[in-house]
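Number of protein chains: 2
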Amino acid sequence: MTRSRDVPSLVTNAREGDPRSVARLISLVENGDPALPEVAAAMAPYAGRAQVVGLTGAPGVGKSTTTNELVRALRLAGRRVGVLAVDPSSPFTGGAILGDRVRMQEHTADRGVYIRSISSRGQLGGLSAATPQAVRVLEGAGCDVVLVETVGVGQAEVEIASLADTTLVLLAPGMGDAIQAVKAGVLEIADVFVINKADRPGADNTYRDIQGMLALGERATGDWRPQVVRAVAVKGEGIDDVITAIEKHRTWLTETGELRTRREHRAAAEISALALGTLRARIGDLHEGTALPALATQVADGDIDPYAAADRLLAGLDTRRLA
Amino acid sequence: MTRSRDVPSLVTNAREGDPRSVARLISLVENGDPALPEVAAAMAPYAGRAQVVGLTGAPGVGKSTTTNELVRALRLAGRRVGVLAVDPSSPFTGGAILGDRVRMQEHTADRGVYIRSISSRGQLGGLSAATPQAVRVLEGAGCDVVLVETVGVGQAEVEIASLADTTLVLLAPGMGDAIQAVKAGVLEIADVFVINKADRPGADNTYRDIQGMLALGERATGDWRPQVVRAVAVKGEGIDDVITAIEKHRTWLTETGELRTRREHRAAAEISALALGTLRARIGDLHEGTALPALATQVADGDIDPYAAADRLLAGLDTRRLA
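Line order of the protein sequences matches chains A and B. Once you know that position 104 of the first sequence is 104 in the UniProt record's numbering, the rest is easy, because the numbers rise by one and skip nothing. Once you know that position 232 of the second sequence is 232 in the UniProt record's numbering, the rest is easy, because the numbers rise by one and skip nothing.
These are computed hints drawn from the structure, not numbers from a lab. Treat each hint with caution, since some may be false.
Identical chains blur together in the list; that is why a pair holds if it fits in one copy or across any two.
Stated by the list, open to error - Here are the simulated SDA-like pairs of lysine to any residue, each with C-alpha atoms no more than 25 Å apart in a straight line: (1) K235 / A215; (2) K248 / A300; (3) K248 / D301; (4) K235 / T251; (5) K235 / D223; (6) K248 / R200; (7) K235 / T290.
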């Protein structure tokens, strides 16, 4: 637990680029620290400064290598980069993410890069609750680009798309049928497909399969047509093409006003999730208080009905004090 | 949809024993009619009048026959009886409950019996939302005993125990291993075990298995020790023993104050479920209103943080108008 009075100095130091202060602020977010609203308030003015790029894919497609190469290329272009490796609580991914961190150590001496794995384990709302705030901390620390990397299993890959401006889905030949890899959900969320390990046999088939499926699911004119890029991340090949595709998508987002729309939808979802969480906790607290037992006695005695009792309970729930 | 002004006359008629009015009031409850709070208010004074007996068990153990015989015996003793056959939304139980109703038709000309199947299909909260209100309607109609029958599958059997004063669990020999039948959850909820079809081979084994498990799970002194009764409902045998066990449990509930405690806990759970349902609906409405989009714009612009936005949203949520 961080004492509340530490927050202003942590924020000042993080703004000045101190990596330890950035790390401590992200820890506050990750642990749901009571100082979290204060951190959020301090970071609010920097919201939307960074381009948020999600990166997902099955285990083994080369996510960490691709992230590593994207960081290198973005740094060469003089951009400040944050990386959040989100562990979606699976016991099988913990090791992989630890591996990512070790492999990314070449960037650790670079003051323009922040790399951090965060766990969504045990948090109400999981990935969607902590990650937007961690992104804001990195924006506050001056990042131009924030890469959010998660293993594409279950719900996590859909959640990553809901918080990123641009979502990359990584595939690799020989990882099983591309049609199976590109499940219904993934086809919907991908802005850019990256066929990694494109020097391996089967890469052309994977490319054709994806293009075929995109043709089948052709969207309306004016909609974004997902890009398909080949890369061999381990050799640094195709990384510039990936960055070109990300920037092309960014231009489309800006010119169509879609960036604004997406970010407002995201903010609305985040606000109502926080509000409902507060209400649920407050109703839980009422079980400990005196109002609910008194009302329950009246209902059991037949003095009032449960609907009237629920109304009285809600009337006594002072929303101004919910914060 | 029933116009609100019909409710007082329906209530008056139901109080006077008119079965069609009772049926219409239960339909209002089942369908979540807007007049539901008015019905609840009219029925509140009669809360707790009846003894609520839950009856559950796997398909084929003879629930409907046992219910039918219990109704007959209670009527001979001059008691007014309500029966709620709750369909826990399984497509496989609909037929069985329809069968129950047909078999129970011998009671349909009796003004002292109300028989009704209700469906929990599609209702938020399922069984637990509609059934307590339907029980109150039957209490208002003057029932001394309300039997709530449901197929013991999944969550339904635990829910039935949470709304009944006394829970009967029916078993039958040859229905598979008794230890399997008496799963952990069922052993916890049963106040009375009825071994039906006790004239069949294996009944003694079932009886011994249950007694053995009860000995293993011996509760603290002063706690209720579940009764085990043998019956052959189809011949009317053992029904009086079942009624004796129910009354013995009732005496224990009253003398220990447990009846009062259970009913207050039930009322508290019902009130908070209704309150939380209202809040959830209200948060949903906010997506349609203007407050949330305006706050989302401010968050996207970096003018405020999402925690502050959630607080403002809640402050604007006037709980006095939630009813």
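Now for the hints, and whether the structure bears them out:
In this assembly of identical chains, the alpha carbons of K235 and A215 never lie at most 25 Å apart, being 30 Å within a copy and 69 Å across copies at closest. Taking the shortest Cα distances, K248 and A300 sit within 25 Å of each other only across copies (22 Å), while inside one copy they are farther apart (65 Å). Taking the shortest Cα distances, K248 and D301 sit within 25 Å of each other only across copies (23 Å), while inside one copy they are farther apart (68 Å). Neither within a single protomer nor between protomers do K235 and T251 lie at most 25 Å apart by alpha-carbon distance, with minima of 28 Å and 81 Å respectively.
In the homo-oligomer, the alpha carbons of K235 and D223 never lie at most 25 Å apart, since the shortest distance is 33 Å inside one protomer and 72 Å across protomers. Proximity of K248 to R200 under the C-alpha cut-off of 25 Å is found in neither arrangement, the shortest distances being 27 Å within a copy and 77 Å between copies. For a Cα distance limit of 25 Å, the shortest separation of K235 from T290 qualifies neither inside one copy, at 66 Å, nor across copies, at 51 Å.
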